[in-house]
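Bring the two chains, given one by one in their own frames, into a single complex with the hints.
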Amino acid sequence: MASFKPTKIQVYPKLGEKVTQDTLYWKNYKAPVQIKEFGAVTNINFSPVAPHNYAVTAFTRIHIYGPFSQEPVKTFTRFKDTAYCGRFRSDGQLLVAGCEDSVVRLFDVSGKVALRTFKGHTKAVHVTDFTSDRYQILTGSDDYTCRLWDIPNATELTSYQEHTDYIRCGITSKLNRDLFITGSYDHTLKLFDARVDKSVMTMDHNQPVESLLLYPSEGLLVSAGGRYVKVWDLLKGGQPLVSLKNHHKTVTCLCLSGNGERLLSGSLDRHVKVYNTTNYKVVHNFDYAASILSLALAPDDESIVVGMTNSVLSIKHRRSSNTEEAAQQRRRPAYRVFVKGKNYAPKQDDYLVSKPVKQHLAKYDQQLKKFKVSKALDTAMESWTRFRKPEIPVAVIKELDRRGTLKNALAGRDEQSLSQLLNFLIGNLVDPRFAPVLVIATEIILDIYQSVIGQSAVVDRQLVRLQELLEKEIDYQQELLEVLGMLDTLFASSLPRKEVSCSGISRANGLVQGGAAASGPQLEAS
Amino acid sequence: MVEHSDIRVVHRGGSKINFREPVISTDSRFLLCASGDHVKVFSTSTEECIHNLQGHTDLVTGVLIKPSNHLQVYSCSLDGTVRLWDFTDGILIKTFVIGYPVYSFYATSNHDGVLFIVTPTVNDKRSELFQLVAVHLPHSGDQQVEAQDFSGVLSDISPSPAATAFGRGGEYIASAKGLHLEVYFFKKQKPYRFSLKEDNRKGTKNTFTCVTCHPKDDCIATGHEDGKIRLWRNFTHKKEYTSTMLHWHHSAVGSLRFTPEGTNLLSGGLESVLVLWRYNQESQRDFLPRLGAAITHIAVSPDGTLFCTSHADNKITIIQSCVKVSAVIQGLVKGESVRTDMMIDPRSKALVLNGKPGHLQFYSLQRDKLLYNLDIVQQEYIHELGLFEQFEVVKAAFDARGNWLATVEERKQKASALEFNLKLWVYDEKTQSFVLNTTIWAPHEAQITALCFCHTTDIQTTMLVSASKDGHFKAWQLAASTSTDDEGPCWSCDFVGAYHSLIPARCCFSADGSLLAVSFQEVVTVWSPASWELLTTLSQPPGVIRDLCFGRLSCSKYLLGTTTRNLLCCWNLLTCSLEWSTSMDVSLLLADPLSENMAAFCCQAGCTDLFVFKPSEPRPLFCHKAICSGKVTHAIFAPREDMLESCEESSQWLNRSQIYFLTQHMDLMMFTTKAEEEKLMASCKQLVIDDSVAMTPFHLLLGKHRQQQQDNQDALSSLSAERIQLPQGSVAIKELLQTPAHVLPSTSVLCSMFVQSLLVSITDAREASKPTEEEMESEKEEEESEGEMETSTSRQKASESLGTEEVDSAASALSKAQVRELRRVKKLDYSWLSGLLDS
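Line by line, the protein sequences give chains A and B.
The opening position of the first sequence corresponds to residue 219 in this note's numbering, with each subsequent residue numbered one higher.
The opening position of the second sequence corresponds to residue 4 in this note's numbering, with each subsequent residue numbered one higher.
No lab work stands behind these hints: they were computed from the structure.
Owing to the predicted nature of the structure, the values given are computational and were not obtained by experimental measurement.
Just to be clear, a hint being listed does not mean it is correct.
[Unchecked claim] Restraint-style ranges between C-beta atoms, simulated for each label pair: (1) B:GLY491 <-> A:ASN424: 35 to 45 angstroms; (2) B:LYS472 <-> A:GLN239: 23 to 33 angstroms; (3) A:GLY437 <-> B:ARG350: 17 to 27 angstroms; (4) B:ARG622 <-> A:GLN457: 56 to 66 angstroms; (5) B:ARG350 <-> A:HIS578: 44 to 54 angstroms.
Positions of the beta carbon are idealized from the N, C-alpha and C atoms, including for glycine.
Bound conformation, chain B alone (with noise of 0.2 angstroms):
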């Protein structure tokens, strides 16, 4: 099979938000976070993602807001560069090449142009040695620059961000590792070391965790491994040292900080619990309990109105500073295992899966958002270090539309048996979310393999088959209840099947529920839910069924399963024989539900392939080799919002769903086309260009002139270029109805204009069925106002004369802000006032 070029697997969101600490801007109104090779950007008050800065090809490790100008920010990662942007809109200035990889990075306000990053001290990612090196940032007007001036601060430091932090007015650096407190001061030049005695008591130890250094006061907070923080002071002579202890965490002191006039101190850690703690008086603590998990960063408005948590579970927590939580900004959860499959909410067309403990997360994949997390297990989740029996969601099943979802959780104890629930969960109208129905306390004597429901829409009675490890595979339906203390209908066994007793693994209906297939061990069973006959068996041995799954629409006469043997088999169950088998290792199987198309995924030589076919065809539709490393377990058929129109046999499959999996290390990934991709750029720009609005006629007449120059001189201005004409009549309309009544001109004079602006141009038709020919669109751009500045000579020749002085002195000598605004203008139509002048 050929490899198709045009179909390729990209990253698709839910990276991590929280791998380094968010950063808050001057104003408190934006939040700032490394995504994976991104910088976010979030409002603080609604948690909406306003931009997203792409420019790194690797990890982004830090973000920092630029000391000497609190719009701009720098952002460092892995792949040696570090780059500055304007984030209130979205633009990167410039990039410094440092030429290694960047681990993490500081600045201050004293040291300007200076940033201190740490980096490997061998040039290789391996290497286990950090050094903090200052670099000065060279002044030049170039989009890309290289630093090249270095110079070493401090040698063998640790990599985390966290254990590195700037004193006073940044006078002196601390760094924490292992057991030694380092202290380098600028004046001096040389460092200091404090160490603690080693002390193993309780299998606790009291290594450094992180380092904060208070703003106003010499002292220097420090947290450890065992749960204490110390305050260090007089640290400016080696030998009078003095430190304090506090103790309130019981397990590791995650993060530090104090807030901007140094009056409080922050703490987190394991526990999910905010400390704050008055500097001075520390017996006075307040508590912010409950955060969800445990948090990894804190974070403090440089006003100190609002502080930010980051938390284990990919989440922000926006605080204000009457510790009240004001908004949570919540990232896709990826723990260590999937232990539920992935799943698609037919209702949201979200993807679901494990959440935080005990929780299912729902997660808009159009959107990159979650949207909820639904609590499963409703129980108070216990923070501890070494108890990790807690009950997890295991499995978890969508009915067809969503109305039903059935959950099992489970929490292996040490002494005792398993315990396990099943829940079933209904769909809410009023409230919008699923709502406790039944719970069904240990119903089965063994763990449970499968859950399905039946997946008709039409059967009045919903079914839902949960096969278990004690050998019996259960039907369970929804019944009214005939008693009279329990209101609505309830869930009850309806059916106890077994085979031989050997133990099913999988069960799957068929798409019509009128077949219910299970298997045991080597061997299929299939049987009719009707009547609960067994209607026949089928078997391929050698090898114990892996996966099974029916055929859809016109290949429903077909079932498919996989054998631990390497063998995926295709049945044909109208003859119930054996249609074709072939060998190879698949991991995973999948049905799309809205075709008949099947994707296998097979484990081969370390790497995953990727097999798209139709049951009733010999010949894959698709193949793709290596999509990564690794084995797939999870993949998902996400049907689409709305039908792809494609054309080309090779990406035919993608067009009424996509297909989602997780990689092993639980990277969401997706498959995307050519004719996708571009037409996603296509919107990103439109949506750039829509930022721009309404303006005072003033600017638009200067703007526009402007512009019409700057397009003379430049015919491949990046911005005209991007730009998509309007009509001209609409906008005038548009502009026409906008306008105060009182400023506009007699109604007979607009009348003609107006009537003038409802006709159609035919370069404006020409144009409309072209608009992704950019090149060929700039040119019509700069035909078309020509055709202007022949109608209104006299205007434009004094607007010129006034656009080029300006041009010229904006060339010479602008600040950013004005260059800024100057942009702004510049993407203004005011063509509309130009046609009031003609009539």
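This is chain A alone, in the form it adopts within the complex (with noise of 0.2 angstroms):
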């Protein structure tokens, strides 16, 4: 004998954005800390060391946040013109600077006043960097050269001159103290080496570079320019990899995750996109109230900081996870609950009699078991589930229908019951999931109730509403329709003239489809 098959109830695919892990992750931030600084913030840089204090170049000024602080930490204010570019060096003793003057200047990070100035640039410096031996320091200029500085005596030691047009960024190896790689405005990226005189790779980005950076195996390089972020594979001789456009406006600045698997990209168009490395898909997507110059985050993504033309710097804290799983722990009941008397096992002689399990049936599957159909419908009717999931009422006027009793059950009804079905119409008759169950249910009750109408003031009222609703949805698929033939003629003069090659048009009729199955709804209403 087999047992009752309860009603099924239709899952609905979420609309909206799909819950990933990656969106977990990177959701789980806190509120931003906003701090206004005195001009746009052209860069973030965080101290490669312990507490990690990042540097904010921002205007004439650099200053330095603790990870938790709202107020800076340290500022240097030593510049006659805009500052550029304040990094860190790899012991995070040392923070080196451009400026617009084309001094460069390096500090010491507890001190104020400049421990050197490299005088030798003719045009404002947006480039600097510390090479990984810690005793050369890389600039980049708008005159269109790099330049390699020896700290200790602060002389010049090389300067080339590939490039054809303004140096807006740079980056030096992690892993070689003689290799770095500088972006232009001229479109290329040239990886140079110190030991010759000239750059040894040279790639074309095909737009102006705006920010580099470098893979932590140094592989790969990602640059980011025009509406563009390109990878390309240093060990294939500078090949490029992938192209990314998923920005629609200049995208100024790059980071990497603490574990290297996800980039991030930040951009005029105010979004910071996070893409996944291995496929380099978007996964993830950040809006910002501005445009986005600069980006950067903590070690171990403890924090995003990102800074804004409109000279807003915003931080979002991780959200520690520990408080909140000690909350569900608590709520938890013990794990003995479960398995007390689970885990026994039968001795040998014991005589084991088994229960029947009983099979667990929802009250509107209990009335449908014993044909109480008008009562199955009040059930889930009711209104916690008339309001929270419409899909169980749904659900049930149509095992209704299929059972050939939907009439039964929807009549004989009094004013109550009666206008709560049509609230219940009112409220879902339009969605598209529940269209043509509940079309079917609405012709039922017109049909057997269109005696009594004009006795009650209430139903007469909800009538009106219902017709006024089906009035306005006719009007919106006409609409639809007019866009559907407006876009048909779009695809048409848009695709290729070829007479063979159908996957082209097979692949707009995805569209065509979409527009049709909305279009159902208003056939039947009508």
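The following block contains the structure:
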């Protein structure tokens, strides 16, 4: 004997963004802390050593913030003009910054006055960095040159004049003290070796290069310029690997997550996108209030710091997960409760009496089992399910229709229960997920109760509302069909005219299909 | 072409077991039911088929336990014979030739030696009028007896076996037809008629459907078309009869039965609920709901411990008297149409097709047994007349390894659009069945016309293609789900294809999965599933493509198609041109998955012909004209478990796989070769012999000698002829090991015998080489026994005389039970003992 098969509640795909591991991870940040700086925040750099302070370059100042402070722990103000690119040395002791006045200044983090000043560039210096041996400084300037400086005696070691436009980004290798890469507005990236007197590799980005990033292994190089983010394989001689076009304005900054598995890019379109570095698909997206100029992640992704053109610095700290887990654990019953008696192994001569497993049925299913159709519908229409889970009443109506007893279930209702039904229909009739089922129910209701129209003010009012709703829906559908027609002509004109290739057409059909599906209810309603 | 005489079309199992009421044996251990032209004996506890009583040449229409001997059973058939069987051993005892087709029959202990049979009034099968005739079975020792003593009892009765029943102690017989109930009293020799007024309110009729009589009381219970049950009492006086009405069923009462003591009345009908009414307290009822399908017959065991119900879906349910289901015997379910084609499950090699409503059935062809039903729709089935719009499984497909099953179910609604779902099932190793993985609601906008899996085993991701009447075909692929809330990978749409807004009808993957052919009306399009490029189009107008099939193995470069304008085309995919075409009305085109062979069923003049051919060869390998009447629309190549090694050219195509097909009347048929049939017969005989095993040494001794005696008298004794002699040595060792140690002689005595037994005798070897030639064998056996006789002369003499005495007495007057015992003893081998005695 088969047991009663319960009504199947259709599961509808959740609309909107899908919840993935990535979205959970990147959403797990607190509300941002906003700090007003003096000007556009052009650079943010985290100190590689323990407290992980970060230097924020904005207008003529560099502020150093502690990991949780909202006031700067240190401020460097000795700039005559806009400062650029304040960067820490790998031991966190020294900080270098370029300036609009073409002078490069080197600071001790604990001091105030510049330890060294490097003069030689003729125009603004936008790029500064320490080499990995910690004794040299790389600078790149708007005078199209990039230079290496010796820190101890503040002299220029080498100068390269290969770029034909402003150098706006550069990075030194963390593994080799002689290698560094610069990107310029002449659309090229150049890899230099300090031991030879010219660049050893040139890559063409096709857009003014705004930012550069090396993977920790330094086999891959990421460059951002224009709307594109491009990944290059250095080990294959600078072969382009991927080109990503996910922003719709210039990408200004790049950043890698703590474990190196996610790449972040910030853009003037006010978005920060997170890419998976294995397949380079966008896995998450952050929105900000203004165009983003600089972006940095604290080690282990503890915080995301974003600098914007409206001179606001936004800091998001990661939510500490410990407290919540503890709270959850307190709520759960003990493991003991679940296993109580269940792990008892019967002894050899025990006689096992098996208890018949009782099938749990929802209340409306119990009533359906007894063929009490009206009651089953009433149960499904209870206010909680009606509002929170409209799919349950819809599934019960569908099941009643399948059993051929929907008319019996809907008939013989008083004013109150009828108005309840009508309310539900008004709420859900135009929902494309429920429309096919509810249209049948509505038609049956109208058939049954047309003789009593005019006897109850409440019901009449609802029927009028239902009519208005349908009229509105019909208008919507007509507009949608018009849009569909417009889209069809657009597609037809944009497609290449080829006789054989039908795959292109069929791709477009996917869109057409969506529209056609939406037009279904309209036909039924009319 | 020559007709091949050695390949025959035979019925292959799957016959109805719910055709007539099953019978439970007196000890409640066996259940007998008519099944096609056999009677099947099932065990009530294990549900296994124990014997298959074969002998009738037409449909068996009734089974009845002999009232005077509860170990024997009568069966009647449309072939005009009644046969008497011993169902515990599966032996045909007697055949009574009636000469007229028997539609049903009855017997009571009150009328010994009389059978009441229902035959057409005019001796013509088509006749509408039936009569009840009493037949006195002649007493005769012969195997086949002609019954001649007929006497009519009632005329113009219903041919349905449920419409006639014997009353208390066989004193009267009640029969219902239309609106009349007729009761015939044997003592008074006259019938009484009771009539009901015609009542056509609400479209229901109150005609009689079934009749049963109370075993202890003068009460007749009748079931009616409108679901009412009437209890008739006091009918011995025509004017003063009373009737009580019971009403629970909402549609026709299918069957009624009283329990043997008359305390309860059982009824069942379309609702598939068994209702148990307390006699005289009819307001108290017990129910056994959800039995799966409409109840057609109810039977009760003579001791009242078991009930059993036959159902419309070819099922017998055995129910304990405490209203609990204890066993289910399920036959092949054959509905009006097989909307999913026949398929072979690659894992279990079972035939898969539509079963119960909303189910797929897995039916083992080898064992003629339904393995299980897979619930596809997973909805409560509503048993109601006029409610035909339930979800039905319309398409199904397996992937190459049997890991995935795709099904399409649909429901036609009156007002709104068609509702249909695509479901994908994954095989679960742990539960050994299919588990639902993905449900796709409304996968297309219109009905799905074809469904097929990519048939490669090496490809990591399996692909499913569905073609629909909305003009698109969609490719579905298994993808790991990106979101966190659901667990495993699920199926999603990978590609939507279309071609000039034509409607795709058929799709087919090539054997290696590198090509997909989709037919769009007259045009066949060939796509590459890897890149979804349209590679080429092939067309052969006029005529819409009806079937599409890729060649296999060495013929994989060919694509075959049939059109509605009676054309069979073969395209070469290397040149993208038509290789050959021929004009024939192919109703079905099939490819053998294990060879290059293709089968085409052609419909011609109301008959179906079969052609088996290779796409590369112009001459067909095999053709068989008129395999059955009507159109064959469902057929399948089923791979054999072990390859047949036939070297005959004409039957070579059957070596790797067998072909099964369904005729218009839903009979499952297959092709067999002569060699195969012989093998089957041989194995059957072997089985019979294996039934009899160990006995006491004394019986062995006696039996063997008696057998020798008989062998001498009658060299062609059937039993010895059937026997396949085992090597003596092995038997001796076996018996030696089985006999308890304390009854054995000392080891020194046994040693030489043991060693001797290990030696292979020359006669044995010779015999083993020719096991099939039966006459030779029996001769040899004779020789052998003679040899034995020489060695043990003195004992032989003694037992011989004993044996003759026994045989003489047996021949004169032996009871049936004794004869059976004797037969069993004869089969036993006691040679180990004689060997022991020799040493």
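Verification of the supplied hints:
{"no.": "1", "hint": "B:GLY491 <-> A:ASN424: 35 to 45 angstroms", "in the structure": "43 angstroms, holds"}
{"no.": "2", "hint": "B:LYS472 <-> A:GLN239: 23 to 33 angstroms", "in the structure": "40 angstroms, violated"}
{"no.": "3", "hint": "A:GLY437 <-> B:ARG350: 17 to 27 angstroms", "in the structure": "47 angstroms, violated"}
{"no.": "4", "hint": "B:ARG622 <-> A:GLN457: 56 to 66 angstroms", "in the structure": "59 angstroms, holds"}
{"no.": "5", "hint": "B:ARG350 <-> A:HIS578: 44 to 54 angstroms", "in the structure": "33 angstroms, violated"}
Of the numbered hints given earlier, the model fails hints 2, 3, 5; all others are met.
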